[in-house]
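Undergrad: As you go down the protein sequences, you meet chains A and B in turn.
Take the first sequence: its position 67, counted from the start at 1, is 66 in numbering that gives the first Met the number 0, and no numbers get skipped.
Take the second sequence: its position 547, counted from the start at 1, is 546 in numbering that gives the first Met the number 0, and no numbers get skipped.
No lab work stands behind these hints, which were simulated from the structure alone.
Just so we're clear, the structure is a prediction, and the values are computed from it rather than from any experiment.
Glycine residues also receive a C-beta, built at the ideal position from the N, C-alpha and C atoms.
A few chain A residues that face chain B, going by a derived Cβ cut-off under 10 Å, partial list only:
(1) Ile-74
(2) Glu-225
(3) Asp-242
(4) Tyr-243
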Amino acid sequence: MRHRLSDSRRLVTSLLALTSALASLLTLVPQARGIGESTRVDVRGVVLDNRREEDEPRPSARQRIAWEARKRTSIETRLRPSRARLDDPSIFETPLLYLAGDSGFADPSEAEVVGLRRFVDFGGLLFVDDAEPTRDAFDASVRRLLQRAFPTRPLRPIPSDHTLFRSFYLLHGPAGRTGGTRPLEGIEREGRMGVIYSRSDMGGAWARDNLGTWQHAVEGGETQRELAIRLGVNVIMYALCLDYKDDQVHAPFIMRRRGGTP
Amino acid sequence: MLAATFLFGIPGGAPAAGLLLLGCLALGWLSLRDVVGLPPLRKRVLLGLRALTLTLTLLVCSRPGCSSEQHETIEGHLRVLVDSSHSVELALSDPSRREQAQALMAAWARDTAAGRARFSRFGTELHETSLDELVAAYPTDEQRSRLVESLRRLAAEDTELELGAIVVVSDGADTDVDTLPEDFALDGVRVHAVTLGEDDEVEDDAIRALRADAVGFLRQPMRVRVRLGTTSSEDRRVPLRLWQGQELVREQVVTIPAGGDVVVPLELTPTHLGRALYRVSIPVGTGDAVPENNDRSFLVNVRRDKLRVLLVTGQPSWDVRFLRVFLKRDPAIDLISFFILRTANDLTMAPSEELALIPFPTDELFSEHLGSFDAIIFQNFDYAPYEMGPYLPRIRDYVQRGGAFAMVGGERAFGPGGYEGTPVATILPVGVPPESLPPERSLVEGRFQPRVVTANRHHPLVALLPDEAESLRLWDSLSPLEGANQVTRLAPFGHTLLEHPRERALEGGPLPILAVGQAGEGRVLALMADTSWRWGMTTAGQSGDASAYDRFWDRALRWLTKDPALEPARVATDHERYAAGGRVRVDGVIRDAVHEPYASRELALLFVPAGGEVPVASRTITTDAAGAFTAELSAPDAPGGYRVMVRAPVDGAVAPAVDAAASGTASTELASEWFIVEEGGDELADPRPRPELLRALAERTGGRLVSAASLPALADFDTRRTRSLGVATRFPFESWPALTLFVAALVAEWAARRRWGRR
Numbered sequence: 000m001r002h003r004l005s006d007s008r009r010l011v012t013s014l015l016a017l018t019s020a021l022a023s024l025l026t027l028v029p030q031a032r033g034i035g036e037s038t039r040v041d042v043r044g045v046v047l048d049n050r051r052e053e054d055e056p057r058p059s060a061r062q063r064i065a066w067e068a069r070k071r072t073s074i075e076t077r078l079r080p081s082r083a084r085l086d087d088p089s090i091f092e093t094p095l096l097y098l099a100g101d102s103g104f105a106d107p108s109e110a111e112v113v114g115l116r117r118f119v120d121f122g123g124l125l126f127v128d129d130a131e132p133t134r135d136a137f138d139a140s141v142r143r144l145l146q147r148a149f150p151t152r153p154l155r156p157i158p159s160d161h162t163l164f165r166s167f168y169l170l171h172g173p174a175g176r177t178g179g180t181r182p183l184e185g186i187e188r189e190g191r192m193g194v195i196y197s198r199s200d201m202g203g204a205w206a207r208d209n210l211g212t213w214q215h216a217v218e219g220g221e222t223q224r225e226l227a228i229r230l231g232v233n234v235i236m237y238a239l240c241l242d243y244k245d246d247q248v249h250a251p252f253i254m255r256r257r258g259g260t261p
Numbered sequence: 000m001l002a003a004t005f006l007f008g009i010p011g012g013a014p015a016a017g018l019l020l021l022g023c024l025a026l027g028w029l030s031l032r033d034v035v036g037l038p039p040l041r042k043r044v045l046l047g048l049r050a051l052t053l054t055l056t057l058l059v060c061s062r063p064g065c066s067s068e069q070h071e072t073i074e075g076h077l078r079v080l081v082d083s084s085h086s087v088e089l090a091l092s093d094p095s096r097r098e099q100a101q102a103l104m105a106a107w108a109r110d111t112a113a114g115r116a117r118f119s120r121f122g123t124e125l126h127e128t129s130l131d132e133l134v135a136a137y138p139t140d141e142q143r144s145r146l147v148e149s150l151r152r153l154a155a156e157d158t159e160l161e162l163g164a165i166v167v168v169s170d171g172a173d174t175d176v177d178t179l180p181e182d183f184a185l186d187g188v189r190v191h192a193v194t195l196g197e198d199d200e201v202e203d204d205a206i207r208a209l210r211a212d213a214v215g216f217l218r219q220p221m222r223v224r225v226r227l228g229t230t231s232s233e234d235r236r237v238p239l240r241l242w243q244g245q246e247l248v249r250e251q252v253v254t255i256p257a258g259g260d261v262v263v264p265l266e267l268t269p270t271h272l273g274r275a276l277y278r279v280s281i282p283v284g285t286g287d288a289v290p291e292n293n294d295r296s297f298l299v300n301v302r303r304d305k306l307r308v309l310l311v312t313g314q315p316s317w318d319v320r321f322l323r324v325f326l327k328r329d330p331a332i333d334l335i336s337f338f339i340l341r342t343a344n345d346l347t348m349a350p351s352e353e354l355a356l357i358p359f360p361t362d363e364l365f366s367e368h369l370g371s372f373d374a375i376i377f378q379n380f381d382y383a384p385y386e387m388g389p390y391l392p393r394i395r396d397y398v399q400r401g402g403a404f405a406m407v408g409g410e411r412a413f414g415p416g417g418y419e420g421t422p423v424a425t426i427l428p429v430g431v432p433p434e435s436l437p438p439e440r441s442l443v444e445g446r447f448q449p450r451v452v453t454a455n456r457h458h459p460l461v462a463l464l465p466d467e468a469e470s471l472r473l474w475d476s477l478s479p480l481e482g483a484n485q486v487t488r489l490a491p492f493g494h495t496l497l498e499h500p501r502e503r504a505l506e507g508g509p510l511p512i513l514a515v516g517q518a519g520e521g522r523v524l525a526l527m528a529d530t531s532w533r534w535g536m537t538t539a540g541q542s543g544d545a546s547a548y549d550r551f552w553d554r555a556l557r558w559l560t561k562d563p564a565l566e567p568a569r570v571a572t573d574h575e576r577y578a579a580g581g582r583v584r585v586d587g588v589i590r591d592a593v594h595e596p597y598a599s600r601e602l603a604l605l606f607v608p609a610g611g612e613v614p615v616a617s618r619t620i621t622t623d624a625a626g627a628f629t630a631e632l633s634a635p636d637a638p639g640g641y642r643v644m645v646r647a648p649v650d651g652a653v654a655p656a657v658d659a660a661a662s663g664t665a666s667t668e669l670a671s672e673w674f675i676v677e678e679g680g681d682e683l684a685d686p687r688p689r690p691e692l693l694r695a696l697a698e699r700t701g702g703r704l705v706s707a708a709s710l711p712a713l714a715d716f717d718t719r720r721t722r723s724l725g726v727a728t729r730f731p732f733e734s735w736p737a738l739t740l741f742v743a744a745l746v747a748e749w750a751a752r753r754r755w756g757r758r
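Chain B extracted, bound-state conformation (with noise of 0.2 Å):
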C-alpha cells in the first residue's frame, strides 16, 4: 500500500508555492507599517484580517493537496492448484506425496466449498482441469515442476480481478526457482499452500544438474560442467563416467560433501559431425532413493569450426592456382598447401640457400598431422619421387575411417603418377591403369566437352543450380576442357557425374571425367582432368561469369567433408529432448547416393536405443515424389538415447520387408538422427521436498502453510483479497466554502480599512 504524499497544485509545485510564501509574508510586513497610529483595538483587528486573507490567499492559490492509493477488500473466487510433476510420484514415505495428494482430493470431493472453486494443475505447463477428473486419474508425469511461472500465469489470466485465493498443493520442488523472487507479488491474491510429503526422508546421490553447451565443433575440445549432489550426512565418493555411445571417455573419483554439492568439469572432443550423443553417470548406490537421478545424457550439435585442407601438387599449373586462391580466399577453410618447384631433374642454376624451396615435410604430413586434416587433395601429384609410399596406407586409412580424399589429374596423377596396385588405388571411385602404360594411351588429348551423367544428375556436385535444366544448361556452357586421364573403369563403389563425350576408358564405357563414392566412412573423388580453372576464367572470358568453378569447388569440399546439407538423405526430430511417450514428429528426405530421390517408396522408422541393434518403435512411412516423409511416433518410455533410423530393404522389396527391417535385419540404413528420452531430467534431479518455498510464498501474499496430512477444507482458505482502486489526489482549499471564506475574509477587511480611515 502507497503512503501518502502531499503536493502543491499550483504551476510549478513547491517552489512556486515557496515563493507566493514570501510574497505573503512581504505584504503582511507592510501591514504592519499601514496600521501605525490606530487605537490597539483596530490595529489588531485589521492586522488580524490582514493575517486571515493572506493566509486564505496563499492557501487558496498554492493548491496544497495529498495522493494516496485507495484500496478494497472484496471476497473473491478461489482456485486451486495441484502439482502434476513426477517428483509427486516418488514413494519416499507412507503415504507417499501422491496418496497425501489422492487423500485430500476425496476429502474436498465431499466439500461443498469444492463446487465454487476452479481447479488447474501444473507441471512443464499449466493445465485447466476438474476435482473429478482428479480424483478419477491424478496424472502425475510432468517433467518439470514450474510452480512460480504457473502461479504468474493463474493471476495474469485474472483481468477481472475476481481471483481471491490460491491453494497451492506441492511438494515445493520448483525446477526453474531455487528461492522465490524477490518480485514475486499477485497484486492482492493469497497463496495458501499445502505442503506434499514435507517429512519425507531422502537418501540419494544425483546427478542435479549439467551445463553443456549445445554446440560443439569437431576434434575441438569443450567443457561439460556437472553438478553431483547427496543427501547422506557423510561425504561421498563416487566414479564419475562420461560416455559417448556404450564408449567409456572419462573416468574420474569424485568426492561430493555432507549434504551437499560439488560441480565437476569433464572435458570432451566430439570426433564426428552432427548431433552427437553423450552420457554421464554415477553408480546407483544400495538404498538410493531415486536411481533414474545418477544417470544423464545429453546432446552436442557438432559443426565444424574451419575446413582444414591439404592440397599437395606435383607441379605449379593453372590449375593448381586456381585451386589454391579458391581455397585461400575462404576463410572457413585452413588451407596448407604444398607444391613441388623443383624436381630431381631440374636444374635450378643455384645453391640452395639462394633458392626459397623448402623440403617436403612428408612425415610430418602424412604421419603426425593426417588426422588433423578434413580433406586432402593430390593435384597432379605423383607420389614415388618423395618416398611416399610407406605412407599411401595410412592415407587409404585416413578415408576409410572417415577422411575425404580427392585425386585432381595430370600428368603425374592416376596411371602415370604410379597409384596402380597402391592402398590409395583401392580407395579412388575409378580404376587406375599401369604407370607403364605409354603417355599416348595413359593420357587423352584434345579439348572437349564433359556430359553430365543423366541417371546422377541430381548429385551436388553437377546440380550446381536449383533447376535440373538449368544445371544442365550450364554444363554446356562451360568452356571446354583439355586432355584428361585415362582409366581403366569406374570402381564398384564409385559413381560416374561428368563423361567424356567420345572416349572409352580401358576396358570399356564411357571414360568418367568425374566421379565419386564412399570408400569406407570417408569419401573420395577423382577429377581426370587438370583444366577444371577453364571453367572460370576462360569461361568469365566468354560469359562473364566466373562463378561455375566456385561453385564447383565449393560443392566439392562441402560433399567431401560430409556437410550435412549436401547429405544425400536426412532424417530430423523435432525436439532433442521428450518425455516418456511423447509425441516425436520426424521429418526426413531419403535419396540414395547420387542423390536420386526414393520416390514414393515405403520405408521402415525405426527407434534404435543407444548401443542396441533391436528397434523400440518401428512404423511404416511412404514417401512424395521428392523422397520426402513426415511422421509421429510415441517417444519410447525407458529414458536414454535413440536413434531415429529410416531403414530400406536390401532387396528393394517394398511393404513385406519392412517387418525384416523393423526386425534390424536384412535392411540397410538409409539416415539416422539422435534424440533422448528423459524420464530423470530436472525434476528428479533433487527429489527432496521444498516446503520453505511453499512457505515464503504463503507469507509473501498473505496466505497460509498448512500439510496436506491434516485434510485442511476448502472452505477454511481466505478468498478475502485487497485490491488496490488507484491513486487518489485531494485539493481541500479547491472548495466552494473556501472561496467563499477567502472572499468574505477580503470584504471584511476592505469594509474595516474603509470605516477606519484606510484604503
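Extracted from the complex, chain A is given alone in its bound form (with noise of 0.2 Å):
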C-alpha cells in the first residue's frame, strides 16, 4: 500500500525539493573536512561482469544519493562513491555496497560469492535496487546470486514496521521511480538487515545530470522522489544506525507521532 503525503505537504516537499535542486547547481560541493575522505560513508558501488561506471542503469544515483544524506543529516559521506568487485578484500573497508542493473548478469565466480558471504556475515549490508523491475532478467539473476550466497537464507519481505522506515524519515513503506506496491525484501543476520532488495528503481528516482536535472520521471510525481530520496536516506541510516529508532527511549516519541499509544 502506498501512502501519498497531504497536498499542503506535497507543496512544501515540492518547494523545498526546487530549493534544493538551486542549491545543487549553485552550491559548490562541500569541503571534505576532518581525518579523511577514506573515513566518510561510501555507498560503493558493486562491480559485476568487469562493466564500468558509465555502464550502470544510473550512473549518478549514488552520488546523488550521498550527496543528499549528506545535505540531510549529520552523516558525512563521500560524494565520490568508490566501486569494488565482490572478490575485491577492499570490500571490507566500508560496510555498505550498492548494486543495481536494469538487465540479467552473468553468475558471479565462487570468490565474489565468498566475499559477499563474508561481508555479510562480518556486518556489512548489501543494498540491491532492480532499475528495470517490470523485466525479471536482473531480479533472477539477484536471486541466484542471493541463493548462492546465503542458501539457508531466502529473501523475506521488509513489514512497513521495520526500523528501515523510521531509521530518520518516518515513512509508510517502499518508493522509488516505479509506482509499483512491490515490498522491500531482506535477508536478516543477526537481528539486522545484511541484504535490502528494492524493485522499485530508487536509483532512477535519484539521479540527477551535472546540472541537477531529474534524469527519469517518477511515475507518482515529485512527491514520489522525494519519498524515495528519503528512504535512500534511510537506507544509509540504517546501515550506520541498525535498530537505535528502537530503542525503548524513542519508542514514545516515534509512536505519538505516527499516531500510535505508546
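Put the complex together from the two separate chains, hints included.
TA: Right under this line is the structure:
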C-alpha cells in the first residue's frame, strides 16, 4: 500500500526539493574536512561482469543519494563513491555496498559469492536496486546470486513497521521511480538486515545530471521522488544505526508521531 | 526396640497361606463324606487323624514364623565431652560457668574412674583432649557451640560399638539448634548431662541474629534482617543503627517485647564494587551483661547486576555503528544511546513530524540520571551545539567520584570538539588542543598501524591474549587505523598504551592513540581515532577473525568500570570472618597502574581497623617475579571490621621504609580488602544457659541430668548400653520333630484307613 503526503505538505516538499536542486547547482561540493575522505560513508558500487561505471543503469544515483544524505543528515558521506568487485578484499573497508542493474548478469565466480557472504556475515549491508523491475532478468540474476551466497536464508518481505522505515524519516513503505507496490525484501543476519532488495528503481528517482536536472520521470510525481530519496537516506542511516530507533527511549516519541499509543 | 512381626515363609506369603488353608478345609469337608457308614469310634478316629494331618500339612507348608529385633546389654566405655565455647567464659554468677567446670574437673582428677574415660571438648569443632590438659588449661574461646553435632560425631566414631555413655559438661547454649531434633538418636549410647550456669540470671539486650545476603548488587537496594532480643521483664525501646564504615546509614527506634525477640528489616544500597563492610549496633545499657552482642558487623560482596552505559555520538559513522552493536549484543549491558542524526546546518527537507528524531534530553541525562551510569562514552561528540557546557562540570565530578568516561575520536572530538579548557579536559588522560587550531594540525590523516608502548604492554587493554608475544603479534596483524586526533601531550596521570608510529604530539613525544588514566576515584580512556571498527570487520575480511574488536572493547569497559578481575593489584583473605587471634591467610598480586608486576619487592602487609589509620598488625612481605605473595598473620584480638592492606613506600625504597609504611605514613596503598573479627557473633548472641536442651538429651537417651555444682562422680554414671544384634526370624514348624510328627500322622491315617477298609 502506498501512502501519499497531504496536499499542503506536497507543496512544501516540492518547494524544498526545488530549493535543493537550485542549491545543488549553485553550491560547490562541500569541502571535505576532518580525518580523511576514506573514513566517510561510501555508497560503494558493486562491479559485476567487469562493467564500467558509466555502464551502470543510473550512474549518478549513488553520488546523488550520498549528497542528499550529507545535506539532510549529520552523516559525512563520500561524494565520489567508489566501486569494487565482490572478491576484492577492499569491500571490508566500508560496510555498505550498492548493486543496481537493469539486465541480467553472468553468475559471479565462487570467490565473489564467498566475498559477499563474508561481507554480510562480518557486518556489511548490501543494498540491491532493480532499475528495470518490469523485466525479470536482473531480478533472476540477483536471486540466483543471493541463493548461492545465503542458501539457508531466503529473501523475505520487509514489513512496513521495520526500523528501516523510521531510521531518519517516518515512512510508510517503499518508494522509487516506478509506481509499483512491491515491498522491500531482505535477508536478516543476527537481528539486522544484511541484504535489502528494492524492485522500485530507487536509483532512477535519485539520478540527476551534472546540471542538477532529474534524469528520469517518476510515476508518482515529485512527491514520490521525495519519498524515494527519503527512503534512500533511511537505508544509509539504517546501515549506520541499525535498530537504534527501536531503543526504548525513542518509542514514545515515534509512536506519538505515528498516531499510536506509546 | 522393634515389636515381633508374624509372617509366612511360603513363597507368596500370607495370600499363599490363605489359599493353602482353603485347600485344607476343602479336603476336610470331603473327609466327612468318606467316613459315612463307619462305626462312631472308627469315624471319630479317622476324622481326628485327617484333621491332624491337614493341620500339620498347613503348618509345615505355609511355614508360619516371627521376626523380632534382638538386643543385648553391655557395659560400655565412658566419654566426657566438655563445652569449650565462649559462652562458658561469661561471668554472670558466682561461681561462673567456667569455675563450675574447673571445680568439677579438679574433682574428677582425684577420681580413679577418670582414668577409664576419654575426654573431648567441643565448640566450633570437636577436639580430643585429656583431663590433665583440661585441668591445666581449660580453653573457652570457641566462637560456636555445636553440642548436638559433636555428640553425633562422637557416636559415629564408635564403630566397634564399645561406647556406653557420654557425659556432657555444658551450658546447653547450642548455636546450631534451638531444640533437640526429632530424629536425634545415638544407637543406645546414654547421654548424661552436667549443667553449667543453670541458675545464671542474665540482664541483656542483644542482637540475637543478623541475616544478610552475602552478595549484593551495585546501587540495588538490599534488605538485612536483624533479630533483637532482651531478657528484660519489660519492653525495651532501643535505637538500632546501621553503619557503613564510620558513616551512619540508617537509624530507627525498635521496641523489643519483654523477654522476647523482634525481627527488624533494614534496607541498604551498596555504592561500591567488592567487599563492603557494614555494622549494626544497639546501645549498651547499664547492667548489660554481654556488651559484645550489641554490635554485629557483616560483609556484602557487591557485584554489578548490569553495566549501565551511556553512549553519545555526534554523528552516525561506521565506528558508532559497530560500537553500538557490540554494546547492544552483551546482555550484561544496559545501553542508553543517543546519536545526533541532524545538526543545525542540515536541511532535512521535511517538517519535524515526518522525522523520527527526538530531542536530545541533556538535562535528563546529565543532571537527573548521570550518577546511575557506570560508564559514559562520548564518541566523536561536540558538546557546544547542544548547550551542554553547564553539564561538563557534572561529568568531571561524576568521574572524580568514581565514574568512568571515554572519549572516542573523530572530527567532533577532543580539539575540534571544543573541549580545551573545559572541565572535561581536566579529566582526560591527554592534553586537548585548542578548537581554533586548523584541521590540518588538529587532525592527522592517513593509515597507520598503532604501536603498543612496550613499558605498558601488560595493561589489560593491550594484553588481549594471555601470551605477551602473541598479544603483540595480534596488534601487528590488525587492520590499520585511518586518521587520528592530535593532542598536545599525555596528561600527568595518563598512560599511553598505543601510539602513532610516526606522528608526534603537538608538544612533543609520540602521538598517543590510546591513553588511559585515573582521574580522582574514576577512570578515563581516550581513543584518538574513529576507526577502531576496522579491528573487527576489516580485519575479519583479511584473516576471518573479527574477535579482536570485541575483545578490546570488552576489556575497555570492564577496566573503566573497575571489574575486579582486571584490577592491577588484588589482595584476598581466605575467609571473610575470623575469631580473635585466628590465622588469616592473605594472598595477593601487586602490579602498578599499567599492570607491571611489583616483582621481588618488599612491601608492608597491614591490618587497619575500620575507620582508623593506625595498623594493629603488620609484617613485611616479598613478592615473587609475577608480583604475587602469600602470607599469614594472626587476626586482631578486638572484634570489628578490618582492612588487610598492602602498602609500598612512596619513594620506592624497600625494607627500611616498611616501618614507615607500617605506621601508616609515607607510603601508598596498593590494594586492600575487608574482613571481620567477630568476638561475639552467634555464640554470645543469647548468653542464657539452656538446661532444657540438656534435659531433652538425657531423657531421649536414658541418661540423667545433674548440676555441675553437685560434683557428680564419674563412677556414678550408668555406662550400660543396650545394643541391637539385628533382626532374627524363626519358623517353629521348620524342624525335625514337626516333620516327624507330620509323617507319623500320615502313616497312622493310612494304616487306619487300610485296616478299616478305606482307600
